[in-house]
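Enquirer: For reference, the chains in residue letters:
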Amino acid sequence: MSIADDLTREAATVTAHVDLGSERARLPRRVWVGAAIVGAYVLVGVFAAWLAPYDPLAQDPIMALANPSRAHWLGTDELGRDVFSRLIYATRIDLSVGILGALLPAVVGTVLGAVGGYFGGWRDSVIMRLADVVQAFPTYILIIALVFVLGQGIGSILVAFTLLAWVAYARLIRSEILRIRDLDYVQAARAAGLPSWRILGSHVFPNVVGQTLVYLPSDIVLATLGLASLSFLGLGIPLPTAEWGAMIAAGQPFIREQWWLSTVPGLVVVGFGLGLSLIGEGIEEWTQR
Amino acid sequence: MGRFQFVVKRLLLTIPLLLGIVLLVFLVLKLTPGDPARQIVGLRATETQLNEVRDQLGLNDPIAVQYVRYVGRVLHGDLGYSYKSLQPVRTSIAERLPVTLWLLGFGGLLAMLISVPCGILSALHPNRATDHAIRALGLVGLTMPSFWVGIVLILVVALPTGLFPAGGFGQTVPEHLRSIVLPAVTLAISVAPIQIRSLRASLINVRGSDYVATGRAMGLSESRLMRRFVLRNASPPTISVLALNMGFLLFGAVVIETTFALPGIGQGIVLAARGRDLPAIQGYTLLFAVLVVAVYLVADIVTAVLDPRVEIQA
Amino acid sequence: MDATMSPALLDVQDLRVRLKAGTTEIAPVDGVTFSVARGEALGIVGESGSGKSLTLKAILGLLPPGSKLDGSLRFSVSADDVEEVGPDQMRGRGVSMIFQEPMTALNPTMRVGRLVAEGARGIGLSRRDAKRRSVELLDAVGVPNARERSRMWPHELSGGLRQRVMIAAALSTEPALLLCDEPTTALDVTVQDQILGPLAQLRRDLDMAMVFVTHDLAVIAEVCDRIAVMYAGRIVELGSTQDVLAAPQHPYTAALLASAPSFQKGSGRLEGIGGQPPDPRAFPPGCRFAPRCRLVRDDCHTAAHQLTMVGSHETACVHPELLLPEVAK
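Chains as they are written, first to last, in numbering that gives the first Met the number 0: chain A, 0 to 288; chain B, 0 to 313; chain C, 0 to 328.
If you're looking for bench data, these hints aren't it; they were derived computationally from the structure.
Remember, predicted model here, so these are calculated numbers, not experimental data.
Cβ coordinates follow ideal geometry from the N, Cα and C atoms, glycine included.
Among the hints, erroneous ones may be present.
[Stated by the list, open to error] From the structure, some residues in chain B lie toward chain A, with a derived Cβ separation under 7 Å: (1) Leu26; (2) Leu30; (3) Pro144; (4) Val254.
[To be verified] Over the 10 Å line for every Cβ pair with chain A, so calculated as not near, a few chain B residues: (5) Thr31; (6) Pro61; (7) Leu74; (8) Tyr80; (9) Gln86; (10) Ala132; (11) Thr142; (12) Gly169; (13) Ser239; (14) Met245; (15) Thr258; (16) Arg273; (17) Ile300; (18) Val301; (19) Thr302; (20) Asp306.
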């Protein structure tokens with residue numbers, strides 16, 4: 000740590016509590032840009048039924064592999080289904096699995112980590128051992144194995160994600176609890192009879208929420224990419240449901256002539272990922288201010 | 000010497016970890032619904048026939064016995080027989096592993112060739128134009144699904160130029176080399192952003208440290224500082240991060256092999272999963288887990304070699 | 000002013016360091032002027048936050064990224080050659096620095112002998128000569144069993160030994176000027192003497208000048224010829240150590256003396272200085288010590304900062320005459 004850090008830190012502590020109010024108001028611009036992008040995707044997902052011109056499952060073999068036209072904005076796939084509509088409906092699936100695939104582990108992880116950190120003892124040991132074992136495994140390989148066991152489908156994918164991704168959140172809240180536990184003023188508060196949930200609420204929670212918010216967007220990206228990859232491999236959402244990764248896979252054999260079948264869904268994925276990353280980076284910047 | 004003992008201790012600790020992994024793999028797959036006997040014999044088998052097969056496979060014995068038997072077999076290198084091909088799993092692993100190693104080797108090398116210079120550039124002038132550009136590109140790299148990148152490369156490079164095949168591994172070494180280029184590039188693109196990010200972070204951290212200030216105060220040149228002070232100290236945390244991302248890298252191999260139809264262990268596990276081939280999945284999962292553990296071990300050893308502060312925690 | 004016949008070794012004029020703290024710009028070093036003659040030891044003393052460490056770092060350009068430097072630095076390479084050099088050119092060219100925190104100041108992946116040898120290589124010694132020189136230096140700074148110790152890693156050595164290694168490393172470039180940033184602060188008192196002793200000896204042997212920053216008056220009294228007292232980014236008193244400590248002309252200096260155990264003989268009571276140094280984001284106008292000064296007068300709050308000669312040395316105090324009754328101990 001340099002002297003300048005010490006100096007500015009000293010200067011900052013004096014005015015820190017006063018300034019916190021005004022500093023909090025200013026979210027960096029990129030968060031809004033990202034939120035707008037993600038918001039657009041969410042809207043598409045929610046209003047899919049209104050936005051999609053065709054039924055995503057409706058086959059029309061005569062019209063298979065048609066070029067983009069006014070009737071079919073992105074052409075049709077190998078079974079004659081309208082690609083544009085499938086893309087819109089796929090947004091629903093990818094978004095919901097992506098978001099749930101990040102939220103569920105966050106919730107489960109936070110609960111487990113809080114239990115471990117708060118109660119300690121055997122509960123803590125068990126939870127931490129479990130965490131170590133889960134982390135030692137190559138994540139996605141285990142997901143493949145779990146999906147194999149549980150069968151394909153959204154449910155098993157979500158279960159698999161949750162079983163593997165909870166660890167980071169658990170460790171986060173657990174270390175925060177452990178850190179807080181030893182602070183003087185917390186011990187004083189407990190001696191004075193202040194209920195634990197109060198302490199958790201006012202000290203542990205704010206710190207944890209900040210970091211969780213930073214993790215979440217990138218976890219959503221990972222979950223979405225994970226789903227797309229699994230579907231690409233044929234191990235994710237079963238056909239004929241429309242899903243971005245599955246569409247990319249289906250389009251691969253036709254890459255020479257109908258190249259848009261694979262490339263466009265990929266661009267859609269990238270767009271979603273970028274929007275989320277902007278939010279994530281923006282929040283990170285903001286929490287460090 | 001402290002470091003040597005650390006390495007030995009680390010090696011010893013790996014054994015229970017491996018046993019745990021075998022147990023986990025065994026249990027997880029034991030819970031799979033579906034009757035292996037039926038898979039082998041077919042739908043029209045009678046109950047007696049099925050029972051015979053189950054006996055043969057040892058499926059009627061208590062779980063604990065099955066586990067011990069399994070461990071024993073694994074230690075002997077016997078990973079069972081694939082339901083599909085009826086070939087020993089071990090054989091198909093042996094055939095496929097080299098292909099994956101080619102991919103990981105070239106891809107990893109390429110990734111480092113990209114990430115080390117970019118990481119250094121980024122860290123030299125943080126938050127300036129170059130840094131922002133590199134980080135932006137990295138961000139894009141991370142959000143692009145690797146299979147999509149592969150397909151785009153096939154579309155844009157393989158098909159028009161015909162220099163590289165759109166898939167497969169070929170028979171001869173020159174063909175191997177040609178076949179591995181695009182997959183390796185794809186792997187490098189998906190892995191480099193992570194490497195750049197962590198290298199940049201540890202470089203910036205080290206550059207701001209007091210001992211670098213001491214070196215600078217001694218009048219050492221920037222390049223000498225960079226080599227002897229900065230890189231040497233930034234490597235251990237970077238290597239640790241890379242190792243931790245091994246799982247990610249292996250999955251990348253799985254996806255890329257499928258995209259480019261490379262006959263490696265990645266494609267192997269996917270085919271096994273699609274085909275509901277239990278012994279094969281067991282074997283491949285075990286293999287992947289062992290590979291990851293091996294990589295962690297190597298990373299720890301390399302870190303110990305590079306960082307003299309590593310000692311046994313008593 | 001101590002007029003020297005030959006040009007000063009180091010001449011600092013109106014040095015100012017500006018950094019960003021959050022969203023505001025602050026100047027923790029705000030117009031510092033002093034000079035150091037060949038072979039002379041100048042001490043800079045002040046509380047934490049006075050800007051004394053940053054001043055040293057500014058001379059060698061070791062400021063955090065994003066800092067801006069104003070003012071001029073002149074370093075005379077030889078007796079008749081004075082040039083204005085930027086901080087980047089100072090390093091390894093006759094100016095060296097040792098730091099406060101020995102625990103983190105040595106490269107953990109380099110054996111200590113190697114580190115010291117790096118400096119010697121930098122001034123042109125061959126690898127073999129540099130190695131030999133490195134052992135000689137380690138011995139000269141008082142590292143026992145220098146040859147064996149030179150093969151050890153920093154984490155294997157105690158704080159005191161590490162500090163000595165740092166001194167040896169700084170001296171390996173044969174500097175004409177050594178900047179010392181609180182080198183003894185992190186060490187225990189008994190070890191302090193083990194550092195200061197060899198340092199003083201080496202200074203005499205090499206005719207090396209020194210700028211020694213610390214908050215410990217006792218150390219300055221022992222080591223330095225001249226002393227500069229810093230407060231809130233500025234020098235408030237400047238003169239020979241003897242003069243300043245015997246007859247301080249600034250209330251801050253007097254207060255420092257009153258609170259330093261080694262300067263109170265017998266029954267004198269220790270008095271802390273009330274209050275805190277000002278926040279660099281909001282320095283008070285006029286004399287920055289005024290809010291804490293017992294002898295404050297109205298015009299202190301509007302006085303411009305200026306060092307004027309009072310008696311044998313310079314002070315920035317507007318009313319030094321108020322100190323006279325205090326000084327008579």
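Enquirer: For every hint, state whether the structure bears it out.
Expert: Status of the hints after comparison with the structure:
no. : hint   : verdict
1   : Leu26  : 10 Å, violated
2   : Leu30  : 6 Å, holds
3   : Pro144 : 5 Å, holds
4   : Val254 : 5 Å, holds
5   : Thr31  : 5 Å, violated
6   : Pro61  : 21 Å, holds
7   : Leu74  : 20 Å, holds
8   : Tyr80  : 18 Å, holds
9   : Gln86  : 20 Å, holds
10  : Ala132 : 15 Å, holds
11  : Thr142 : 3 Å, violated
12  : Gly169 : 20 Å, holds
13  : Ser239 : 13 Å, holds
14  : Met245 : 7 Å, violated
15  : Thr258 : 7 Å, violated
16  : Arg273 : 5 Å, violated
17  : Ile300 : 17 Å, holds
18  : Val301 : 18 Å, holds
19  : Thr302 : 17 Å, holds
20  : Asp306 : 21 Å, holds
In summary, the numbered hints that this structure violates are 1, 5, 11, 14, 15 and 16.
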